[in-house]
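Q: If you read the protein sequences in the order shown, they are chains A, B and C. Using our numbering, the letters of the first sequence map in sequence onto residues 1 to 155. Using our numbering, the letters of the second sequence map in sequence onto residues 1001 to 1180. Using our numbering, the letters of the third sequence map in sequence onto residues 2001 to 2661.
If you're looking for bench data, these hints aren't it; they were derived computationally from the structure. A portion of the hints provided could be inaccurate.
Said to hold, decoys possible - Taking beta-carbon pairs under 7 Å as the criterion, some of the chain A residues facing chain C (in silico):
1) F30
2) F37
3) L65
4) P69
5) G71
6) L72
7) T73
8) D95
9) F97
10) G100
To be verified - Pair by pair, the computed Cβ-Cβ distance ranges are:
11) B/Y1022 x C/S2480: 55 to 61 Å
12) C/F2592 x A/L65: 38 to 44 Å
13) C/L2005 x B/P1042: 45 to 51 Å
14) C/G2563 x A/L65: 38 to 44 Å
Said to hold, decoys possible - With a cut-off of at most 25 Å between alpha-carbon atoms, the simulated PhoX-like pairs for lysine-lysine come out as follows:
15) B/K1090 x B/K1147
16) C/K2382 x A/K7
17) C/K2382 x A/K47
18) A/K83 x C/K2267
19) B/K1039 x B/K1173
20) B/K1090 x B/K1154
21) B/K1173 x B/K1147
22) B/K1062 x B/K1039
23) C/K2520 x A/K7
24) A/K66 x C/K2520
25) C/K2267 x C/K2414
26) B/K1173 x B/K1090
27) B/K1062 x B/K1147
28) B/K1154 x B/K1062
29) A/K66 x A/K83
30) B/K1062 x B/K1173
31) A/K6 x C/K2414
32) B/K1147 x B/K1039
Just so it is clear, CB atoms sit at the ideal spot from N, CA and C, and this is done for glycine as well.
Below, each chain spelled out in residue letters.
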Amino acid sequence: MRAARKKRLYLILLVVVGVGVAAALALNAFNQNLMFFYSPSEVNAGKAPPHHPFRLGGLVTDGSLKRLPNGLTVQFDVTDLQKTVSIQYTGILPDLFREGQGIVAHGQMRDDGVFVADEVLAKHDEKYMPPEVAASLKDAHDKGVTAVKAKEAGL
Amino acid sequence: MPRFVRYLLPLVLFLAMAGLLYRGLSIDPRLVPSPLVGKSAPAFSLARLEDPAATLSNADFKGQVSLLNVWATWCVSCRAEHQVLMQLSKSTDVAIYGLNYKDERPAALRWLQQFGDPYRANAFDADGRVGIDWGVYGTPETFIIDKQGVIRHKHTGPLTWDIVQHEIMPLVKQLQAETG
Amino acid sequence: MIPELGHFALILALCLALVLAVVPLLGTFTRTPAWVALARPLAWGQFLFLALSFAALVHAFLADDFSVLYVANHGNTQLPEIYKISAVWGAHEGSLLLWVLILSGWMVAVSLFGRHLPDEVLARVLSVMGMVSIGFLSFLLFTSNPFERVFPIPAEGGELNPLLQDPGLAIHPPMLYMGYVGMSVAFSFAIAALIGGRLDAAWARWSRPWTLVAWVFLTIGIVLGSWWAYNELGWGGWWFWDPVENASFMPWLAGTALVHSLAVTEKRGAFRRWTVLLALLAFSLSLLGTFLVRSGVLTSVHAFASDPARGLFILMFLLLVIGGSLLLYAVRAPDISRGGGFAAVSRESFLLGNNVLLVLMTALVLIGTLAPLLYDALGWGKISVGFPWFNSMLVTFMPLMVILMGIGPLTRWKQQAPAELLGRLRLAAVISVGAGLAVALPLLGDSWALGLALALSVWLLTTLLMGLRQRLRAKGGVASLWTDLAGRGGRSYYGMWLAHLGVAFFILGITVATQFDIEKDERMSPGQSVEVAGYDFRFDGVKDVQGPNYRAHRGTLQVTRNGAEVAVLYPEKRVYRVQRKPMTESGIDAGFMRDLYVSLGEPLDNGDWSLRLYYKPLVRWIWFGGLLIAAGGLLAASDPRYRHLLHRRTVGGAVPAGGHA
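The whole structure should be built from the sequences, with the hints applied where relevant.
A: This is the structure in structure tokens:
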């Protein structure tokens, strides 16, 4: 009886240790795979990590879409209506990519300040604005209004 | 009774998660009301789309309940909501104005000819200056303005019948009943 | 008039659900047979009214009745008939109606096939399902009435999202819901057993076929969803670890654990508390999935309807159902007896190990899905969890699971001599490691990923074959396969066999398709050829074509290999007339060993187009494996011993005492 109980205890201990190690490994990997979101204003303020991938989102500026001579690389600007960042992407843009549309891109900054994207997402439901983009636009707008107010007050 | 406590663990974990989900419901950014709601409509005066010599300004909104719909020909979803606007203009008496946002005049005029014109008048905001004052961050957007020229509601995204029925018309009716 | 009738039927269904949730359950305590006997007719009545209500909505779509708000939003006169019907569940209100209809369908099925159950158990099970039904019906009626009228009446409807106009997606949600909702049967059996305090082998045997069938539907639903994403999204991907996908994957993982744990409880009476908890967990995760998809808490590619007010309602419902059931569990669990003991090396131990791994994976998927919400709530910034993380989790835990999957079926219940087991496994281990190394070595295949996948698949295959040989030898040779299949317990075994074989296919498919696929984005002029993996794709230009409710640019690509024609592909770029939404329809040449896949990009100058060309080896094996898993589940669920159990009461009248073998 006692031996059986001891055996069971070892078994439980083994399972607990195993799960614990697995969970620790998983959480460690988790931290390395997080992708943070930054708005164009934050990128301009130098808040985005320089050599680490992140997500950048905003509205595609009207008239900014250019095709490089090879025909497959495109460059366009995204804005949060305060600041603008240029994005370069090689490949086929999603169906709902439009100027004026909110998009999110995955990639990292190149040294010349151009964001090189490996993936561009425009949501398949155009009623939907990526929530991060909506929030950053609202932030930027609130700041813009305050800046204008401050200027008016100063005059 | 420690044995009992052990079996409470799943419940405790679940309650923690439910708390997180509740918090998640309240931070939906699309719910955040525009800072302009409840304030007077930002002043503007722009040339009309239909007639560059005439102007449309926020003074035109006074004395009636109006909708200001921000649209553009390059905007896919504006096309989707257009038939809703058409029907709304035919079957109700709410004054619908348009703000043609960062667009080109010939393209916009062609659009109205082709798909119909639900608007009483359109302001032509070629450089998007007025749009920025109004906090426009994605077309289409629709503002409801009361008889005093105060913004009472803003809807971001295309109008659907659902939204007209539950969001727009009840408020319009209520505002129309207010004495101006 | 018809929509009002549909609405009225919905209200009546709610009334019946209210009675069903209270009266029969009370009857089992007060021992009032008349009340207990009400459960069956109430369940039938509810199903009848819901079917009427659903038919009314289908009618409104077919008749283009745009005075109904839901139809005005999602229907259209130009929509092909089949999509008018699938549009019924193409958005929030209608899909919920389908949800409750399926729920009441399961209730009717339980009342039909559960004739052998003690009246008391049946009444409790149906009452619990009635409670779930109340929640969903009041959610429908109070926040998302599909029959609401609209005024002014629109002249034309807003059309079903073009993305959803695909045969795969027309049947994907009903399958998925059959699975989600089917888990409510296992849940209700568990709750009924907790209420009655009787958790034994009989309980496990009753809930096992139901759980298996629900799990089969869930499997098919997920496979269809993945296949749809592959066909329709145009990115060549088949799984994105998107919140909506995770929402269906989590109940599947928990359901898989439950199916295995139920086997132990049925055969050996062990794991009772654990099995009950898994039954609660599987359905809770189904409900959580509904919440995540419907509330807009997490947004994703697939989220086509979301509304925070509705989210609050579902959250309250979750609190009641999940919170209530976990509370009941906490109160009752200490009294559940432990059941049969087992040694450290025994089939029970390996199944337990597998269960732990499955639950761990469920937890990790849950963490990954909810992490963005957690970070946002705590103000740590806006994040997304990259899908490399999910993949690496899968790659870490899958091999462990597969190793256990190989050992488990070859191990004896209760106690197994380790030396004998090792002796049996040695050959399989040598063959699979050898096969894996052969591909992994630099000169031969030079791919460790493929080596691992091959080793695991071969391991599964060899252990499965050994098990089969052992079983057939014991039964008297290969010829006895048919009698074994017809007998009791046979199909359970062969079902397991088939499902595990499916996993072997799945592993190879997933590894080869991700490791060896080739993707090329090309600018192509008409007449130009591009080579991908030995196939020559010649672009023959783009023409305009008209569909029933869309216009399209259709490209033509001639595919040849060494001069011989392989296929002609027609990728399209469609614009749907009503919503003006552009849609990529990829051109796919499907094959057992490889897919060729082309999507049309954008028009460039001089008739040139940008095109995306893919070569995807073994990609079909992923879905084929999934279907084998489902087929195995179905075979196991059809085991005569469940049917025998069913007939016992109707044929023999009294239950023989020694019936539980």
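Q: Given the hint that B/K1090 pairs with B/K1154, test it: the Cα-Cα distance must not exceed 25 Å.
A: holds, 22 Å
Q: Straight-line Cα separation of B/K1062 and B/K1147 no greater than 25 Å?
A: holds, 5 Å
Q: Given A/F30 was flagged as interface, is its beta-carbon under 7 Å from a beta-carbon of chain C?
A: holds, 6 Å
Q: Are A/D95 and chain C close enough, Cβ to Cβ, to be under 7 Å, as the hint says?
A: With a minimum Cβ separation of about 5 Å from chain C (threshold 7 Å), the hint on A/D95 holds.
Q: Hey, A/K83 versus C/K2267, does the alpha-carbon distance stay inside 25 Å?
A: violated, 66 Å
Q: Range hint 38 to 44 Å: satisfied by the CB atoms of C/G2563 and A/L65?
A: Since C/G2563 and A/L65 have Cβ atoms about 40 Å apart, the given range 38 to 44 Å holds.
Q: Is B/K1173 close enough to B/K1090, meaning Cα to Cα at most 25 Å?
A: Status holds; Cα separation ~16 Å.
Q: If I claimed the Cβ atoms of C/L2005 and B/P1042 lie 45 to 51 Å apart, would that claim hold in this structure?
A: holds, 50 Å
Q: Restraint: A/L72 near chain C, CB-CB cut 7 Å. Satisfied or not?
A: holds, 5 Å
Q: For the restraint on A/L65, tell me whether the closest CB of chain C is nearer than 7 Å.
A: Cβ of A/L65 sits 10 Å from chain C, so the hint is violated.
Q: Quickly compare the C-alpha distance for B/K1147 and B/K1039 to 25 Å and report which way the hint goes.
A: holds, 13 Å
Q: For the restraint on A/F97, tell me whether the closest CB of chain C is nearer than 7 Å.
A: violated, 9 Å
Hint violations for this structure: numbers 3, 4, 7, 9, 10, 16, 18 and 23, all remaining hints satisfied.
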